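Participant: From first to last, the protein sequence lines are chains A and B.
If you count by the working numbering, then the first sequence holds residues 1 to 292, one letter each, in order.
If you count by the working numbering, then the second sequence holds residues 1 to 374, one letter each, in order.
In short, the hints are calculated from the structure, not lab data.
Don't take each hint at face value.
To be verified - Cross-link-like lysine-lysine pairs, in silico, DSS-like; alpha carbons within 30 Å at most: (1) B/Lys122 - B/Lys190; (2) B/Lys216 - A/Lys140; (3) A/Lys82 - B/Lys190; (4) A/Lys82 - B/Lys245; (5) B/Lys98 - B/Lys227; (6) A/Lys45 - B/Lys233; (7) B/Lys290 - A/Lys226; (8) B/Lys227 - A/Lys138.
Said to hold, decoys possible - Simulated DEER-style distance windows between Cβ atoms: (9) A/Arg189 - B/Tyr298: 55 to 61 Å; (10) A/Ser185 - B/Arg214: 24 to 30 Å; (11) A/Pro54 - B/Ala149: 53 to 59 Å.
Stated by the list, open to error - So these bits of chain B aren't anywhere near chain A, every CB distance computed over 10 Å: (12) Gly146; (13) Ala255; (14) Phe256; (15) Gln301; (16) Val326; (17) Ile347.
These numbers come from a predicted model, not from an experiment.
Ideal placement from N, C-alpha and C gives every residue a C-beta, glycine not left out.
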Amino acid sequence: MKTFSAGLLVLLALVGALAYFSLFIVDQTQQAIVLEFGKTKKVIKDPGLKWKIPFVQTVQYFDKRILDLDTPAQEVIASDEKRLVVDSFARYKIVDPLLFFQTVRDERIARSRLGSILDSSLRRVLGTATLQDVVRDKRKDMMITLTNFVNQEAKSFGIEIIDVRIKRADLPAENSQAIYKRMQSERHREAAEFRARGQEEALRIRAEADRQVTILKAEATRDAQKIRGDGDAKRNEIFANAYGKDAGFFAFYRSMQAYENGLLADGTKLVISPDSEFFRYFNNPAGGASRR
Amino acid sequence: MPWSDKNGGGWKSGGGRGDGPWGQKPSGGGGPGGNQPPDIEEMLKKGQDKLKQAMPGGGMNKSFLFLVSAIALAAIAFFGFTVRVNPDEVGVVLRFGKFHDQLAPGLNFRYPYPIDKIYLPKVTRINRTSVGFRGGSSSRFGNSSGDVAKESLMLTGDENIVDVDFVVFWQVGNAKDFLFEIQNPVSTVKEVAESAMREIVGQNDIEPILTERRAKTELAVLDLMQKTLTQYKSGIRITQVQMQKVDPPGDVIGAFRDVQAARADQDRLKNESETYANRVIPEARGEAQKIAQEAQAYKEQTIAQAEGQADRFVKIYNEYAKAPEVTRKRMFLETMEKVLGRSEKIIIDNKGGGTGVVPYLPLNELTRKRGGGQ
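Only chain B is shown next, with the shape it has when bound in the complex:
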């Protein structure tokens, strides 16, 4: 076991062949720490073979061996006593199993394996845990791609069922807690996420969950998850909860869409009738104006005509008053002249026979003519 190698006594004596305990050791050092030094035994063997080829005489064998072992020692020292921490990682050092230190990114000193054990959690990486579906993104259509109904269907506060797919983004906030305080941080995130989402959804009615409470739900789930995970000392920081799909279950989604359509219909009917009102009322107003104007015109016209006629009468009367008899006769005659001048006339002297002519009047013809003329 590694413990016996600690004094490293076997190194010098066994160095020539490399079949000593050291042959095994470096790989042990790489175990949980993550560093994997090259296989020393292999290196030595190769070196020796090369030497044999280069110097068949083997005169310088001893000093060469020394050189090779010095290089190998240096390599072991380098790989065994350093650790590389990548920029997205932090190095957590356990010395004899006990938390010792955290290492910043870069090349750090360490003791070899049995003394120091190094964990390199990726602390800057944002991890995602999806609930309700598997794969890259949630499909909006039915159960076709990776939807997990068992996870995504949940009861709402008003005893409806809603289909929620969501993603939780999280980060290692405290590497020490993350590594040493909880057994399964990743599965814990998922279970806490499911539980939190159901708790929040259960507190609300379906309608707001589907519509305006989405962002609030996300925040509430994030808060609840963070509280629970902090209680577990999990060292996990939830950065975001994102609801991918919040729909009624597939069986009833048609009915929900119909409600949306009905709402649109309601608006449409209202708009149509408003269009009608907006057209008809101004038209009526215009018509009212027209009636008023016509009446006004009639009034003005009537008055003007009356005034004209009255004026004329007054003027004629003034003349008449100067010579009433003559004017009256003249007017009579002039009028008769005009009337008779244009009319067909039959003059019958009634002196002799009384009503003798009447039978000859072609009354039928007269009326017929008038009827045809119209």
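Bound-form chain A, shown alone:
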């Protein structure tokens, strides 16, 4: 009984050891190649439980996911001589692990190789474009071109470039200052224009108002004069009608009124000779004496 259980233990240990050395797991995020004394035996792209010949074969794992490549920002001179600080990044994938292993061995080396490829491509692509193209018009096209450029070279490493994107394309600090100054002067111009336009409009509105006022008053005065004239005309007509009945009596009547109104005021001093018609009976009750 005792020897049997000891034997079982040994057997189990052996099975365990065998399993340990011959089975391996390729993770969902991984791919692997199986090497036999350095010679490639298998390329494994599906995840799962795999086996190999213990001690003879070794396994090299590679990432299957999309990987980062972020290069430091660099200065590029655009075709219009403007300098740009460009920061780009790429996303890539190891599609041929065998080729990858043969050419660059690991991700660290791959990154530095890809980095220099990306830098030179960037220079090549952006160097033919103007600043306007980079910032505004052709950014998208240029990123596609960049992706293709880098992809062509990366293919030889078993790498596929998923995407190259320009993260930043800015002017160097000293150029930024110039832009700030320009922005400021533009704003000053704009502000001055707004204020001047305000003045202009204000003056126009005031002048128009003044004009309307003058016209309104002038027209009113004109109409008023007409009306007054109508009144005066009517008056003359009325008088002419009435007084025309007897011109002699009118002269007498009107004179009497004029005497009364003209001489009635206080303080009028009259120096009269007593032989006027009024004093006809002054000296002589029979009348006519004062007549000479």
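For chain A, the structure is supplied; the task is to place chain B on it using the hints.
Facilitator: Same frame as chain A, but now just chain B:
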């Protein structure tokens, strides 16, 4: 290594002391899966110590050992074969490294570690990635709190520079892609966000970006980011892009504010002059009315007076016509009576000396009096 433990043969024999491979194993099971079963070795030791205290004789030692190992086995079975998925998570099972299944929240069955590996990404949580600043919220004033100029300053299409801080809210949309298709999903979100914002800002002029295009910019950035992240098969869903601060850079913000002030000034000047116009024109209209009314009044008055006078004349004339001589004399005398009755008069008989009196007239006095009277 864990593999050798798979048959678990060492369990029964080593169970008494708990120093077998199992002592290590459960902690291995907890590794990437997240479940951390209690330290079995510790438990067993404690149990044994307790027993020794309770039964110093040690007569029942064997059956007690059996009981303890049964409990321990049950505990291991429970912790090793189940996984708890919280409501905000989803469980992603890799069986021998290969994607096997997704687990809903709750208690789920699993195989222990080397067979099943469990990931528990938080799929309902909304994550935020801020660009252009660090910390809770973007400060509106200068570079004082956590503003990262390198990230936030960008060129616009008309070669101006604008300072944009924004936040991207995102969610794990596809847990499998999120976990297995991309190496650094979180940093990718940020890099894609920066790139997308710059691309969109670069397509527009500064003026609309600062003012009315804000919402459109947010949407365009969201679209572009989502497109790129979908292309990467990242399993990330962008829920919102929120621009926190869109300002001209600190150096020129004063000039921009002055433009706003100038606009206000323009409106103010216009309003002031309109106020003037609105006051002056109605006043003038009123004055015109007044002039017209006065003229009308003059006309009516003149006519009325004329009519009155004419009427009176006609009436007097009618009387006069009946007895012209008498009436004429009477009127003359009455008038003279009135005129002379009120005036100072000097009557000089001129018959004798001709102009003899004239030298005595105090003309100076007369004029002086009149001047004083006025």
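Participant: Would you mind marking each hint as holding or not holding in the structure?
Facilitator: Status of the hints after comparison with the structure:
1. The straight-line distance between the Cα atoms of B/Lys122 and B/Lys190 is roughly 19 Å, inside the 30 Å bound, and the hint therefore holds.
2. The straight-line distance between the Cα atoms of B/Lys216 and A/Lys140 is roughly 19 Å, inside the 30 Å bound, and the hint therefore holds.
3. Of the pairs offered as hints, the one joining A/Lys82 and B/Lys190 holds, with about 28 Å between alpha carbons and a cut-off of 30 Å not exceeded.
4. Taking the CA atoms of A/Lys82 and B/Lys245, the gap is near 29 Å; set against the 30 Å cutoff, the hint holds.
5. For the hint pairing B/Lys98 with B/Lys227, the CA-to-CA distance comes to about 28 Å; that is within 30 Å, so the pair holds.
6. As the CA atoms of A/Lys45 and B/Lys233 are separated by approximately 18 Å, the hinted pair is consistent with the 30 Å bound.
7. Our distance criterion of 30 Å between C-alpha atoms is met by B/Lys290 and A/Lys226, whose separation comes to about 15 Å.
8. Our distance criterion of 30 Å between C-alpha atoms is met by B/Lys227 and A/Lys138, whose separation comes to about 18 Å.
9. Taking 55 to 61 Å as the suggested C-beta distance range, the pair A/Arg189 and B/Tyr298 conforms, at roughly 59 Å.
10. Distance hint check for A/Ser185 and B/Arg214: the Cβ-Cβ separation is about 26 Å, which falls inside the suggested range of 24 to 30 Å.
11. Distance hint for A/Pro54 and B/Ala149: a CB-CB separation of about 58 Å, consistent with the stated range 53 to 59 Å.
12. Even its closest Cβ contact with chain A, about 19 Å, leaves B/Gly146 beyond 10 Å, as expected for a residue assigned away from the interface.
13. Not every CB of chain A lies more than 10 Å from the CB of B/Ala255, the least distance being 4 Å, so the non-interface label is violated.
14. A Cβ of chain A approaches the Cβ of B/Phe256 within 10 Å, the least distance being about 6 Å, so the stated non-interface status is violated.
15. Remark: the non-interface label on B/Gln301 conflicts with the geometry, its nearest Cβ contact in chain A lying 8 Å away (cut-off 10 Å).
16. No beta-carbon of chain A comes within 10 Å of the beta-carbon of B/Val326; the shortest separation is about 13 Å.
17. For B/Ile347, the requirement that its beta carbon stay farther than 10 Å from each beta carbon of chain A is not met, with the minimum near 5 Å.
When held up to the earlier numbered hints, the structure conflicts with 13, 14, 15 and 17 and fits the remainder.
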